[in-house]
Every structure is written in structure tokens, then in C-alpha cells.
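Protein chains in written order, with the working numbering: chain A, 1 to 111; chain B, 1001 to 1114.
For the record, the hints were derived by calculation from the structure and aren't laboratory data.
Fair warning: there could be bad hints in the mix.
[Said to hold, decoys possible] Think about it this way: if two alpha-carbon atoms lie no more than 35 Å apart in a straight line, the pair counts; the simulated DSBU-like pairs of lysine-lysine are:
| hint | chain 1 | residue 1 | chain 2 | residue 2 |
| --- | --- | --- | --- | --- |
| 1 | A | K57 | B | K1070 |
| 2 | B | K1055 | A | K57 |
| 3 | B | K1078 | A | K57 |
[Claimed, not checked] Only part of the chain B face toward chain A is listed, based on derived beta-carbon distances under 10 Å:
| hint | residue |
| --- | --- |
| 4 | Y1025 |
| 5 | R1043 |
| 6 | F1064 |
| 7 | G1105 |
A virtual CB, placed ideally from N, CA and C, is assigned to each residue, including glycine.
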Amino acid sequence: KAGVTQTPRYLIKTRGQQVTLSCSPISGHRSVSWYQQTPGQGLQFLFEYFSETQRNKGNFPGRFSGRQFSNSRSEMNVSTLELGDSALYLCASSTDWGEQFFGPGTRLTVL
Amino acid sequence: AQTVTQSQPEMSVQEAETVTLSCTYDTSESDYYLFWYKQPPSRQMILVIRQEAYKQQNATENRFSVNFQKAAKSFSLKISDSQLGDAAMYFCAYRSAGDNDMRFGAGTRLTVKP
């Protein structure tokens, strides 16, 4: 099976812009979770989608949002970008019993 | 709230020797899962080993094994016969049985010396 794929791999944006990141899970996985990884805060959970519904949400402002499509592909959107949003954004797809497999990540730089 | 603590920011080991990475966690739940993930410099997170809290037997995957002490809320990872390819950041993670909100420790950077 193909692994989790994320696009784009690298992104440079300026403050105030918005960005959309994409994640394609492993075939058959219905759950997709998103994480933000920074040197200062480590790995932090953003949200999880299961069968097109947000099932869990971390402690992030409303500028961070996501969605999941019927084919389980997921997107996350960050609006009004701030410098502090610069991070590696990781997507993980899960089996029905919760074992998570991570994608390579999208490196977002906000200038 | 569940928290995961990795008290060793960095560790080093000589090739072919054994190293143990520490992890403690805090939870009031009885049903949960624990994981060790490896993140090499290429950044792809890889699952190393998982442990179900209801299982008393420690999980083992080839050269990787855990010491799970449920009462002490401790979950250490032992790497035997260390190889150069084991060099990476290692993250301990906790997940409640009820959801997919994974809580990660701050990570331990492992260096393997030839």
C-alpha cells in the first residue's frame, strides 16, 4: 500500500495570507489527524477527521480549520497567517483501532 | 489532561551497544495505548513499537523492546545492538482508547557513535 502523502512539501507565505495543505491517507484508513511541530512547542494535535466529520480538536485558534472528503483525503487551512505559524505540519492516517501512520509533512515558512 | 514527559533531551550510544530511553506519562484513565515513534533527519515519523495498557507483557519488535510499568506510569524504550541507522529523534506518545488525540513527549535525540 502507498503511504500517507502530503502536498506541498514546502511552502513559503507572507503574514496575512492563507494557506491550504493537503493529505491523502493510506487506502482504507478513514481517520486523518493533523499535528503542528515546532522546535519550541514540539508536536501538538490540531484536529482529527473521521468519515468527513471532525471528531477531535486541539487547542488552536479558529484560524486553523480542516475538512475531509468522501475519499478520506483531508485538507487543513490556516487563514491570516502569523509568523508563529511557521512549522512542520504532519498528517497521520489511522487504522480503525487507532494505529497512526505519518506522512512526510509540509514545511510552512511565514515571512 | 494527559501529559507525556521525556526527561532526556539527548542521548548517545556506541554502535552495537544498548541504550534505554525514558518516558513517563500522567493519566487517570485505565485504557490507553503507548507508542514510540522515530523521526530520522528526513522527518518521516515511523512507528517503532506500541503497547496496549491492558497487556502486562512488554512489547518487543526485533531489537526494540519496552519496559512498561503501569503503576509507575513509565514506558521506557530499549534499543539493543544499536546501529547507525537508529540515530533519530524518538518520541514517546500516549493515546486514550477513546480517541485519536495523540499526546507526544518533547522527544529524545539519539546519536549513535561508530
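Going through the hints against the structure:
{"no.": "1", "hint": "K57/A x K1070/B", "result": "holds, 27 Å"}
{"no.": "2", "hint": "K1055/B x K57/A", "result": "holds, 29 Å"}
{"no.": "3", "hint": "K1078/B x K57/A", "result": "holds, 33 Å"}
{"no.": "4", "hint": "Y1025", "result": "violated, 14 Å"}
{"no.": "5", "hint": "R1043", "result": "holds, 5 Å"}
{"no.": "6", "hint": "F1064", "result": "violated, 16 Å"}
{"no.": "7", "hint": "G1105", "result": "holds, 8 Å"}
The earlier numbered hints that this structure contradicts are 4 and 6.
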